[in-house]
Every structure is written in structure tokens, then in C-alpha cells.
Amino acid sequence: MKPFAYVRATSVAEAARLLGAGSAAMAGGTDLLGLMKGGIAAPARVVDLTGIDGLRGWSRERGAGLRIGALTPLVDLETSDQLARHLPIVRAALADTATLQLRNAGTVGGNLLQRNRCWYFRDEAIPCWLKGGTRCFASEGENEHHAVIGTARGCNRVAPSDLAPALIAHDARVTLVGARGTRSIALADLYTDPALHSRDEHTIKRGEILTEVHVPEAGLQRRGTYLKAMERKTWSFAVVSVAAAARVRDGKLRNPRIVLGGVAPVPWRVEAAEAEIDGHPFSDELARRAADALLADAAPLAKNGYKVPLAKELVRRALAAIAAA
Amino acid sequence: MPTVRPLGPGAVDVEVDVNGMRAPLHVPPHRTLLDALRDDLGLQGAKKVCDEGTCGACTVLVDGRPVYACMTLAVTCAGRSVETVEGLARDGELHPVQEAFVAHDAFQCGFCTPGQIMSVVALLRANATPTADDVMRAVSGNLCRCGAYPNIVEAALAAARKATK
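Sequences listed follow chains A and B, in order. So the first sequence is numbered by this note's numbering: it starts at 1 and just counts up by one. So the second sequence is numbered by this note's numbering: it starts at 326 and just counts up by one.
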């Protein structure tokens with residue numbers, strides 16, 4: 001780790017002001033320290049956000065959805081029985097997220113903004129496209145953990161967060177506060193498709209701070225579930241994960257959302273796949289059709305073709321679980 | 326607007342509560358809590374193994390919660406309470422969890438043991454009557470390459486039983 005100056009901000013406005021060029025924002029630090037130790041990040045200044053009041057905890061307001069402060073430790077969401085009643089998918093997604101030690105330190109905002117786990121990206125000696133180089137070393141290298149969708153593009157990383165697909169399935173939005181004002185965007189729009197030729201993984205701008213997640217009322221009315229395939233039973237990033245949510249009535253899934261993690265550079269959603277099941281009497285056949293549509297653009301690399309049938313089966317199981325619940 | 330002054334990059338003064346005692350540190354902001362404990366305070370119970378938050382050998386409690394000391398900056402612990410395995414024994418008597426680890430042969434090489442014990446101590450404070458599943462979940466962030474897991478679970482359950490008897 002290279003030396004840096006450290007400053008603990010006490011307000012969002014102050015943090016925004018302190019986050020100039022060469023600065024990095026830090027909450028739990030579990031991702032940033034890994035990047036700094038690995039030589040991938042070398043900020044001259046680290047701005048600690050944990051001294052900012054008012055960004056911890058969650059609240060439910062009747063008719064106004066659910067708000068989660070960005071500095072809330074993951075463990076606080078995981079262990080809240082009350083939250084599990086309003087939005088059970090959060091506990092399901094966090095149950096297999098990292099380890100207790102990391103969930104104690106890690107925060108909601110940090111989880112949504114964590115950098116990807118590609119081993120070429122994480123190796124400081126490898127000048128991959130995402131770090132300003134000219135090519136993706138995974139495209140013809142050790143790519144068993146990489147993307148199966150969007151693989152013709154510049155970067156074959158996969159979206160690593162468990163929380164992101166889960167919250168996107170409930171139409172979550174995030175609030176970004178910067179020196180020039182506040183904006184609210186769909187959480188799905190926080191993630192940058194490399195097809196846009198951006199070497200930023202996230203659309204948050206320099207000096208902006210993610211302060212809050214908002215799940216609107218309509219999102220809360222969906223029943224959701226999260227399934228995650230890992231290489232071992234614990235403490236592992238998703239090989240493939242699926243978040244699915246829908247309003248369920250009379251054996252029909254309405255206004256469904258299906259979001260995949262671990263298969264594309266961004267949490268992966270295809271509206272045509274959701275249209276396959278929306279409002280129709282649910283059946284296994286219908287779930288399979290939705291899964292096929294969701295993976296229609298899959299073009300696996302040499303070593304990760306296994307992800308396609310794995311993702312399809314997880315989608316089938318997740319939809320069946322919602323329909324049966 | 327008053328401006329907060331950045332600290333460092335050179336050494337700065339930080340006061341941490343370590344095992345119930347004031348521990349003044351003079352460390353640069355990029356020093357991890359693990360290095361500060363081991364090199365500045367001479368507390369070498371927390372082990373430096375992976376140094377990247379994947380093995381759990383450095384597990385300590387910060388404000389009562391188990392975290393990886395290698396993924397925590399010492400400077401962020403100012404004014405907070407840090408508990409390490411060295412703080413568990415009282416008046417020459419091992420902590421009940423430590424005793425249970427000995428009684429149930431819950432370690433072989435012992436390298437992961439301080440971290441395992443801190444994870445179990447935190448579990449038992451939050452849950453006096455854990456199931457085997459609760460214990461396995463609590464120590465799933467602590468790798469044991471000797472494979473002492475069954476005895477670690479036994480030790481934790483025995484310590485819990487003894488405490489609630």
C-alpha cells in the first residue's frame with residue numbers, strides 16, 4: 001500500500017468537496033484496501049465517509065417505499081427480521097455474501113460500488129483494457145469466471161455484487177450527491193456497459209457520494225428470491241446468481257423482474273424475457289422460455305460455457321420458487 | 326465552512342482502546358490495524374497470513390464485531406474498542422472459549438486459532454445457545470488448513486453449554 005493522506009469527512013457536502021482528483025472514498029474499506037494492497041488503486045488521499053451522520057439504517061414509510069442508508073453495514077440488513085419481512089430478498093442475497101467479518105465492515109454503498117474480481121484486472125502487472133491497456137487478457141486466457149454475455153466487447157469482467165441484482169429486481173434507485181447537486185438514478189444505471197467504451201465500471205462521477213438506496217412501493221409489492229451458485233459452499237463470489245421478483249396472484253407472475261449476476265459486465269436483465277411470463281399462467285415451460293430469452297445473447301468464452309445452462313436452471317428454479325411461495 | 330485537515334501521509338497520533346487499555350499509536354494512515362497491533366503494540370496473537378481479507382487469521386473485535394484487522398486501517402480505529410486474543414484471559418485464567426479449545430483439541434498447528442477464538446467469543450456474546458450451524462456460520466470466515474473444524478464446532482458448543490449451565 002502506498003502512503004496517503006487520510007481525512008474523515010463529517011458531512012456529505014464536506015466529503016464531496018474533499019473528493020478531488022487523486023482521492024478515493026472509503027466506507028468499510030474492504031474493497032479499497034484490497035485494491036490499494038494490490039497496486040490497482042493508489043490514491044493520494046483517502047476520504048473516510050464513516051463519520052457522516054444520517055446515512056445508517058433503513059426506514060419504511062407507508063406509501064413511500066423503503067430507504068436504506070448507504071453506510072449501513074451489510075450485517076445490519078442481514079440480521080434485521082423486520083427488514084426481512086418488507087424485503088426478504090436482501091437477507092437471501094446477503095446470506096452468502098462474503099464472510100461475517102466482511103459483512104460487519106462492508107456497507108451497502110460499498111457493496112454496490114465494489115470493483116470487479118477479474119484476476120487479470122486485479123493483477124497490477126497486467127495492463128488490461130480496463131486499466132487503460134489495449135486488450136482483454138481473459139478473452140483468450142483463463143476465463144472460466146468471466147462473462148458469457150457481451151463478450152465481443154472490450155472487457156469480460158462480471159458484475160460481482162449480490163445486493164445489486166437483488167435490489168434491481170425490486171426497481172431500486174440510488175441517490176448520488178455531489179457538489180453540483182443531487183440526482184436519483186435507477187440502480188441498474190449505476191453500472192457501465194463496456195460497449196459504451198467507458199473504462200469506469202460505475203456511472204458515479206468524481207466527487208459524488210452514493211447516499212441512499214430507495215425501493216419504491218411497487219418494488220416492495222413484488223415477491224422476490226435470490227439464488228447463487230458458488231464454487232464452494234461459503235465465502236465465494238457468484239459463479240452465477242439470479243434475483244427474481246414478481247407480484248404473484250392466481251398462479252400468474254405479474255410485472256416480473258429477472259436479473260443475473262456473474263454473467264455479464266453489468267447486472268443482466270432482458271425485458272423480452274420478463275414479457276414471456278408476465279401475466280400468463282405460470283408453468284415450468286414458461287420459466288424455461290424466459291430463461292432462454294434471458295440468455296439469448298450468450299456467447300461464452302472457451303472455458304465458461306457451463307455458465308449458460310447453470311444460469312438457465314437457476315432462473316427456472318427462482319421463478320418456480322416465487323410462483324410456489 | 327470549517328475545513329477538516331487531512332492527516333498524513335506521514336505518521337499521525339491515534340489513540341485506540343486495545344483490550345480495555347488506552348493504546349497511543351504513532352502510525353501513518355496506510356498502516357493496517359493488524360500491523361499496528363503486531364509491530365507497534367507487540368500483540369502478535371492476531372496472525373498475518375493472507376493479508377487480503379480471505380483467511381481470518383487476523384480476526385479481532387472492533388466495537389465488539391469481528392473484522393479482519395488486515396483490511397482495517399489503524400487510523401479508522403481512533404476512539405474505538407479493539408479486542409484481541411491477548412485480552413481474553415483474566416488473572417492468569419484462560420477464557421472459557423480458550424479452555425474449550427484446549428479441552429476439545431480444536432487446533433493442530435494453531436495458526437488460525439486466535440482468529441477462530443475471537444469469532445466464537447463474538448458469537449457467544451450475541452447468541453448464548455448457538456446451534457452447530459450457527460457456529461459453522463460464525464467461523465466460516467476463518468480458514469483452518471489443518472481441518473480442525475469439527476472440534477472447533479464442538480469446543481464452541483461446549484463453551485456455550487458451560488456458560489449457560
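There could be a bad hint or two in this list.
Derived DMTMM-like pairs: lysine to aspartate or glutamate, alpha-carbon spacing no greater than 20 Å straight-line [said to hold, decoys possible]:
no., chain 1, residue 1, chain 2, residue 2
1, A, K312, A, E274
2, A, K252, A, E231
3, A, K2, B, D365
4, A, K2, B, D459
5, A, K37, B, D458
6, A, K37, B, D459
7, A, K2, A, D81
8, A, K37, B, E340
9, A, K2, B, E377
10, A, K312, A, E271
11, A, K131, A, E142
12, A, K2, B, D360
Source of the hints: derived by calculation from the structure; they are not laboratory data.
Cross-check of the supplied hints:
1. A:K312 to A:E274: Holds: A:K312 and A:E274 sit about 14 Å apart, inside 20 Å.
2. A:K252 to A:E231: At roughly 33 Å apart (the allowed maximum being 20 Å), A:E231 and A:K252 break the hint.
3. A:K2 to B:D365: Between A:K2 and B:D365 the Cα gap is close to 19 Å, so the pair holds against 20 Å.
4. A:K2 to B:D459: violated (39 Å)
5. A:K37 to B:D458: violated (34 Å)
6. A:K37 to B:D459: Judged against 20 Å, a Cα distance of about 32 Å means the pair is violated.
7. A:K2 to A:D81: Judged against 20 Å, a Cα distance of about 41 Å means the pair is violated.
8. A:K37 to B:E340: Between A:K37 and B:E340 the Cα gap is close to 24 Å, so the pair fails against 20 Å, i.e. violated.
9. A:K2 to B:E377: holds (15 Å)
10. A:K312 to A:E271: holds (16 Å)
11. A:K131 to A:E142: This hinted pair holds, its Cα atoms lying about 18 Å apart.
12. A:K2 to B:D360: Holds - the C-alpha atoms of B:D360 and A:K2 are around 15 Å apart, at most 20 Å.
In this structure, the earlier hints numbered 2, 4, 5, 6, 7, 8 are contradicted, and the remaining ones agree with it.
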